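Q: Here the structure of chain A is known, so what remains is to put chain B in place on it, guided by the hints.
Chain order of the listed sequences is A and B. Residue numbering for the first sequence follows this note's numbering, beginning at 613 and increasing consecutively. Residue numbering for the second sequence follows this note's numbering, beginning at 613 and increasing consecutively.
What the hints contain is simulated information worked out from the structure, not anything from laboratory work. Every value quoted in this text rests on a predicted model; they were computed, and no experiment measured them. Hints may be right or wrong, so weigh each one.
Derived coverage of chain B by chain A (criterion: at least 3 residues anywhere in the stretch with Cβ under 8 Å from a Cβ of chain A; other residues may be distant) [as the list claims (entries may be wrong)]:
(1) 622-635
(2) 641-655
(3) 660-672
(4) 827-834
(5) 1008-1014
Covered by chain B, according to a simulated footprint, are these stretches of chain A (three or more residues, beta-carbon under 8 Å) [what the hints assert, rightly or not]:
(6) 647-653
(7) 894-906
Beta carbons are placed, not taken as given, at the ideal position from N, Cα and C, and that holds for glycine.
There are 2 protein chains.
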Amino acid sequence: MISTQATIITIGDELLIGQVIDTNSAFIAQELNKLGVSLKNRIAVGDKREDIIQALETAAKSTDIIILTGGLGPTADDITKPLLCDYFGGKMIVHEPTLAHITNIFVNIHKRPMIERNRKQAEVPDVCEVLFNETGTAPGMLFKKENKYYFSLPGVPHEMRWLMLNHVLPFISKQFVTQKISHRTLLTAGIGESFLAEKIAHFENQLPSHIKLAYLPNFGMVRLRLTGTGNTQDALENEITIQFEELKKAVDEYLVTDEDETMEMVVGKLLKSKNQTVSTAESCTGGYIGHLLSKNPGSSTFYTGGIISYDNRIKTEFLDVPTDILTTVGAVSQEAVEQMAKAVREKMNTDYAVSVSGIMGPGGQTAEKPLGMVWIGVANREKVFSKVFYLRFDRLRNIEVTANQAINLLRLLIINKI
Amino acid sequence: MISTQATIITIGDELLIGQVIDTNSAFIAQELNKLGVSLKNRIAVGDKREDIIQALETAAKSTDIIILTGGLGPTADDITKPLLCDYFGGKMIVHEPTLAHITNIFVNIHKRPMIERNRKQAEVPDVCEVLFNETGTAPGMLFKKENKYYFSLPGVPHEMRWLMLNHVLPFISKQFVTQKISHRTLLTAGIGESFLAEKIAHFENQLPSHIKLAYLPNFGMVRLRLTGTGNTQDALENEITIQFEELKKAVDEYLVTDEDETMEMVVGKLLKSKNQTVSTAESCTGGYIGHLLSKNPGSSTFYTGGIISYDNRIKTEFLDVPTDILTTVGAVSQEAVEQMAKAVREKMNTDYAVSVSGIMGPGGQTAEKPLGMVWIGVANREKVFSKVFYLRFDRLRNIEVTANQAINLLRLLIINKI
Chain A
613 MISTQATIIT IGDELLIGQV IDTNSAFIAQ ELNKLGVSLK NRIAVGDKRE
663 DIIQALETAA KSTDIIILTG GLGPTADDIT KPLLCDYFGG KMIVHEPTLA
713 HITNIFVNIH KRPMIERNRK QAEVPDVCEV LFNETGTAPG MLFKKENKYY
763 FSLPGVPHEM RWLMLNHVLP FISKQFVTQK ISHRTLLTAG IGESFLAEKI
813 AHFENQLPSH IKLAYLPNFG MVRLRLTGTG NTQDALENEI TIQFEELKKA
863 VDEYLVTDED ETMEMVVGKL LKSKNQTVST AESCTGGYIG HLLSKNPGSS
913 TFYTGGIISY DNRIKTEFLD VPTDILTTVG AVSQEAVEQM AKAVREKMNT
963 DYAVSVSGIM GPGGQTAEKP LGMVWIGVAN REKVFSKVFY LRFDRLRNIE
1013 VTANQAINLL RLLIINKI
Chain B
613 MISTQATIIT IGDELLIGQV IDTNSAFIAQ ELNKLGVSLK NRIAVGDKRE
663 DIIQALETAA KSTDIIILTG GLGPTADDIT KPLLCDYFGG KMIVHEPTLA
713 HITNIFVNIH KRPMIERNRK QAEVPDVCEV LFNETGTAPG MLFKKENKYY
763 FSLPGVPHEM RWLMLNHVLP FISKQFVTQK ISHRTLLTAG IGESFLAEKI
813 AHFENQLPSH IKLAYLPNFG MVRLRLTGTG NTQDALENEI TIQFEELKKA
863 VDEYLVTDED ETMEMVVGKL LKSKNQTVST AESCTGGYIG HLLSKNPGSS
913 TFYTGGIISY DNRIKTEFLD VPTDILTTVG AVSQEAVEQM AKAVREKMNT
963 DYAVSVSGIM GPGGQTAEKP LGMVWIGVAN REKVFSKVFY LRFDRLRNIE
1013 VTANQAINLL RLLIINKI
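Next up, chain A with everything else stripped away, as it sits in the complex (with noise of 0.2 Å):
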């Protein structure tokens, strides 16, 4: 494996007080895990003059790329910029496709004279490489002391990621990566991660010590991910096709894809490639199955749309719930749910539909319905199925299991595996 080593320097006071959690570091520690440079330890420090030099101090000890987030914005409480410059020796220049794109940012979308201080965030070390962010006004920077190099990027998640993908890994890839290194990615479901390990523990055991295996768990699913270092990419793309060909075989019957890729989308891949299409009827869910399958590009020609029936009323009115099944049953049950997804199907005229109604808490349960009983209903023209699942997180936690749930159990049946 490689012998390089990061550290994450993540900036700013609303860190240190616990009112934002860090979701940039998980996105860095992955994608640079992904090249093969391992993270040596993350530090968050405050908007501290002093705490930052000696994070930057600590981090340049041992690790050879430091990327810093945070810091950048066009307030006063950003001190890193100026910071940096001293610290490396530069002086504070005005970058002039920076100011430019800043300028065109105001002008054109925002339709709002710029003011000085949207004018300094062209400014730059002159001691720096400009990252041009395109997704912003707060550029990034690059600098190199010592034979380390620096990456200071705003700490808004989309830019960062964005400067990320097009400048820190491109860069880092090219001046650090001399192994290969070759990724398979699979995505399971309907099996929990310690039973899933249990099964393919044989698997595992045989893999050769420069291949390994990474089990990243999240929302009822498990993602298991294979990656293969070597000196030549050809072999090595050979080797880990054929163990990820073994790995495939071992988690068959939970196989969701054998890519990189969400639920959601393998199931618009899957709509799209038979020109059908879907709708939703949703309680507890209250629109986010309907979020997650309209939120990539391209999701308008399988997803029709949906009838959120929050409040009982609006699944008696607009899905033909009969008020005895509300009565008797509940709207938590078999009935209600295959009657959602049979009059959402119809009344839309979509191919599929998908219905969900649920406990999600806190609170709501009754003797017969615990928290987090969760009924799912998916229908296509021929049949209505539903299943009932029980759930144990928090609120949001549940909505969001409930919502892959039953995006999966749409899967199934556009499969015919149900």
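A: Just chain B now, kept in the frame of chain A:
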């Protein structure tokens, strides 16, 4: 400002490959902050002896309280406990109350035999004070060295939380005479960070040095936070209250809330207080507004439901948008969103409605309608109002910002500002 300072050290390879988002640190930071203990930094390291030791040494250089989480589980890759034992010069002994507790968990709860790995969890260094963990099998530990306190806690979030609340915070509170600290937070909408900063520059400039202002932008809104420190709580509260009132006046026309809550929570509270309801008609956000309105507990009292009219056919069939509107001015138009809001409000019989239609990208723009153009409509029983926005983010971010802007327009209608 002289006050007690702390460091958080999170241990675990999973944090360095980005598999896990660290939510523990945010919790610990919040709780320490409430006690007036300021967090100097957070360090994440992998399961590597030398890295953990380096982190301990770095932390001890500048802080009095060091909180470690993770690395105490039953699996083979956990090295923290023996390392701490060596580091503080102890030897491992069995902690009998913990052994009895673990035995009880296996015999009476898991109903499984204990294995050696589980028994080992009851072993602790003889130089620590055991922080008895009622919620799990890994005991917490407190070490003291050269007037610094080291708390070692398991990484499982609910166990870490219990130990923080029941052992660590009471101890810190008693041991350290700290300065008092106080926060005030407000949320603004409808003004960018740099314009806001310009607008309140006079306020910021007159702040005494022991009161700081922070900008926390997200989803096209900006949160402002005042943090003050002082020796007596009453004097500090008085002073910061006066400053906060000034700040509120300065941002008056953009003020959403003077509490630390989200836009959708503000709207939920408003509607609940008036016993009123809202419905949604979403095109480009595909259900995300419904999700935001229903993600918090208790939302069924005000969120009735919605129509996700992703396909234009649904706009016509379910929301009575005339086809000649769609073929002339198009779905992304004032006419379309106003009809959508009006129709869903009437059909679902709610007090308010909100509707959106836009071009979230990538692609889909025309000569007249640029990428990121979105129309938002809101309606009550008397009128319909609509507004056009031009966004410049990626697809997902455009969806999030649209949803937040839509909920803000709804808020403005509810409070009679439009």
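Q: Are 3 or more residues of the stretch 827-834 of chain B near chain A, judged by a Cβ distance of less than 8 Å?
A: holds (count 3)
Q: Can the stretch 641-655 of chain B be counted as covered by chain A under the rule of three residues or more with Cβ-Cβ separation shorter than 8 Å?
A: Result for this restraint: holds, n = 10.
Q: Three residues minimum, CB to CB under 8 Å: does the stretch 647-653 of chain A make the cut for coverage by chain B? Let me know.
A: Check passed, 4 qualifying residues.
Q: Taking 8 Å as the Cβ threshold, is the statement that the stretch 622-635 of chain B is covered by chain A upheld or broken by the three-residue rule?
A: n = 9 at 8 Å, threshold three: holds.
Q: Examine the stretch 894-906 of chain A for residues whose CB is less than 8 Å from any CB of chain B, and state whether their number is three or more.
A: Since three or more residues must qualify, the claim that chain B covers the stretch 894-906 of chain A holds, with 10 doing so at under 8 Å.
Q: Do three or more residues of the stretch 660-672 of chain B come closer than 8 Å to chain A, measuring C-beta to C-beta?
A: n = 4 at 8 Å, threshold three: holds.
Q: Count the residues of the stretch 1008-1014 of chain B whose Cβ falls closer than 8 Å to any Cβ of chain A, and tell me whether that reaches three.
A: holds (count 3)
Of the numbered hints stated above, none is contradicted by the structure.
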